[in-house]
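*Asks:* Since chain A is already given, all that's left is putting chain B on it; use the hints.
What follows is the residue order along each chain.
Number of protein chains: 2
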Amino acid sequence: VVIVGAGFAGLAAARALAKAAPDVECKVTLIDRHVYSTFQPLLYQVATGGLNPGDVAYPVRGFAVRHGVRYRQGTVVDVDADKRVVTLDDGSAVDFDYLVLAVGAHVNYFGVPGAAEHSAALYTRKEALTLRDEIMGALERAARAGPDGPGAAVVVVGGGPTGVEMAGTLAELRAALPVAFPEVRPTAVRVILAEQGDELLAPFRPELRAYALRELQRRGVEVRFSTTIAEVGEDFVRLHDGSTLPAQLTVWAAGVAVPDAVAAWGLPQGRGGRILVGHDLRVQHHDRVFAAGDLAMDPDHPLPQLAQPAIQTGRHAGRQIARLLTALPTQPFHYRDKGTMATIGRRAAIAQLPLGVRLTGTVAWLAWLTVHIVSLLGSRNRASTLLNLSWRYLYWPGGLIVGDIPEAEGG
Amino acid sequence: VVIVGAGFAGLAAARALAKAAPDVECKVTLIDRHVYSTFQPLLYQVATGGLNPGDVAYPVRGFAVRHGVRYRQGTVVDVDADKRVVTLDDGSAVDFDYLVLAVGAHVNYFGVPGAAEHSAALYTRKEALTLRDEIMGALERAARAGPDGPGAAVVVVGGGPTGVEMAGTLAELRAALPVAFPEVRPTAVRVILAEQGDELLAPFRPELRAYALRELQRRGVEVRFSTTIAEVGEDFVRLHDGSTLPAQLTVWAAGVAVPDAVAAWGLPQGRGGRILVGHDLRVQHHDRVFAAGDLAMDPDHPLPQLAQPAIQTGRHAGRQIARLLTALPTQPFHYRDKGTMATIGRRAAIAQLPLGVRLTGTVAWLAWLTVHIVSLLGSRNRASTLLNLSWRYLYWPGGLIVGDIPEAEGG
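Chains A and B are the protein sequences, given in the same order. Sequential numbering of the first sequence, starting at 1, is according to this note's numbering. Sequential numbering of the second sequence, starting at 1, is according to this note's numbering.
Excised from the complex, chain A in its bound form:
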């Protein structure tokens, strides 16, 4: 069995197969281009200097050792479902009896001019680090220019969970400015959240959305609805109505798409490039190939591209392979909604749980903290994240985690 992608879905599939191990004999190979698995829901904490990249990146080989799985570092460039072989970027071929494709999704700029060049995404460890260093660079440049300088404006594009969490945390960073950056007037630093529609956090219930909006505004985030970006420049964004916003930094959190390279695999793709699967998560017309996570979509039951659907589809794919290996038929996948959460800042979060339970404020924030720390892979990562987030929220403004800031533009 070959699993491509060591994200939530790929690891869940490997875990399901490892669990079936005594009864089902199979050799599992996990392929990923990175030697670590990224815990994407906390990348915005890395981008804002609250967590180390090492806190949200778990070594795949550590996972492989614990689950009796082989790890192979590489990028899949071709999938031949008939010959049952995947080809890696170094030219080597890996045979499979069953295949799970779970390479996830990446930022989608929707073809907006300048977006790819001038905005920062937040889906990989490296993107989070780049963004962190750019944020600090923008603040240092504002400090050099002094209290009468132009300051800095950050535009966050997209009012989904990623955009809201990023904007909320940036607003908290700004609140610490008078201490850390006395040369910069806090009013000279703007955090603008630009949402295309007329609601933030669309999948949440109205009262939770209203709470989130209130909390963001209370923290000084300028929330703009019905705002469609027409172009991203080096220090501005231009809107569809022709007006422009200043933007020393633009964070693009407006949507995801499957990587372009997936098209070369020759599998059926739907909206956003997602690979079309049947009810049992097998790729349409392919008996031995499963797809899971952000990469996959059952057109009859589309799911949001979040952690829970990825974990559950990955686990289901792994279980179905275990069934096929013991000559049992596959079963259809049923998504179990365990709820959704988003955090706005210190002691402010929203949680929409099953059975109509809805939480806001400190309780929701503690629930968010607990769930995220428990879900991390590896006890060192859990302990380190607990430590760093405690520092961030208890001793705020405590020591930020900073890196090399990029060369000042026009310096």
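Which bits of chain B does chain A cover? Going by a derived footprint, with three or more residues having C-beta under 8 angstroms, they are:
hint, region
1, 43-55
2, 58-69
3, 384-394
Now the stretches of chain B that chain A is said to cover, found in silico as 3 or more residues with beta-carbon under 8 angstroms:
hint, region
4, 30-38
5, 122-136
6, 171-181
Note that these hints are calculated values from the structure, not bench results. Here a beta-carbon is modelled for each residue, glycine too, at the ideal position from N, C-alpha and C.
*Replies:* Frame of chain A; chain B shown alone:
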């Protein structure tokens, strides 16, 4: 007062001036090209995946806030001692009444061909990260090649504390290979420590040197004396006797020199480019300019380029400026030897303390651990380092901290 460089010496000077603050009125500006201060003695832990870069990098602005100091991000390109002004890379000028120069030293390749291109240094946060990712890349390439592949050899050049600590930790990484990299035969991974002279850790007493050599060899490090490097290639080093060693990776820990840019400042320089200072640490022929740390040298009392001399000279420079500001004459600097330590690996270290106290083994290792954790800046860094080093040594081989490995060569 302007302090250039936020390393051990620069921070010690700032701290000394802050301490004198109620009696001595002065405005202190700290200039550094990085927004963090690096704790260099633990960089080899970052390079071997035991610590996060954030654990050994403390934000300069956090320090500045606590000590009532201004921070200015930038690189000094010119010093005009007569006009009392330093010029930064962005063209701006900073005036001073008194100046402390403490930009430290950097790797010295001694003009060995290929060394700058094909070997890794270990003096900055970025170098440590690059080396870490290259180590993991070399292991992944060895894993791809399988048990019959060529394996990997690491040559560490220089038998001083940095070289010994790096070689010892690499040997411990190798001991974990059978678990994490089952595709690689441990005997196919070689750690070679190449020393030009006939002794490791020259400043230590003979019995401590003998212990260190024994411990390194017991861990499988190939220690080679009288080995002078003539050339460094992509996957080999050539020695002066014409023979070559395989070296998928070369770590250059053979010596330091003052950055080339310092020559442009027009100050008197001695061996290794170090700025020549008088007994009170004022730069020769300059009344208002002090130099401290690795950058400075009193030709009558040369000191090793280590943390303790840097801290003590920096503090002395700060105190002398406080004296000059209150119209007192300067005092000569006297170095107080507090001892030296080096660690070879888990529960193996050497410590040479005052009054003839010499420690080896677990006791020395615990002393090393305690001193280094206590010396770190910031309580978050201390807690995080304690956590991560505990994990490394208690739960070995636990979760390594890994990053993006560079593109495979010839892939």
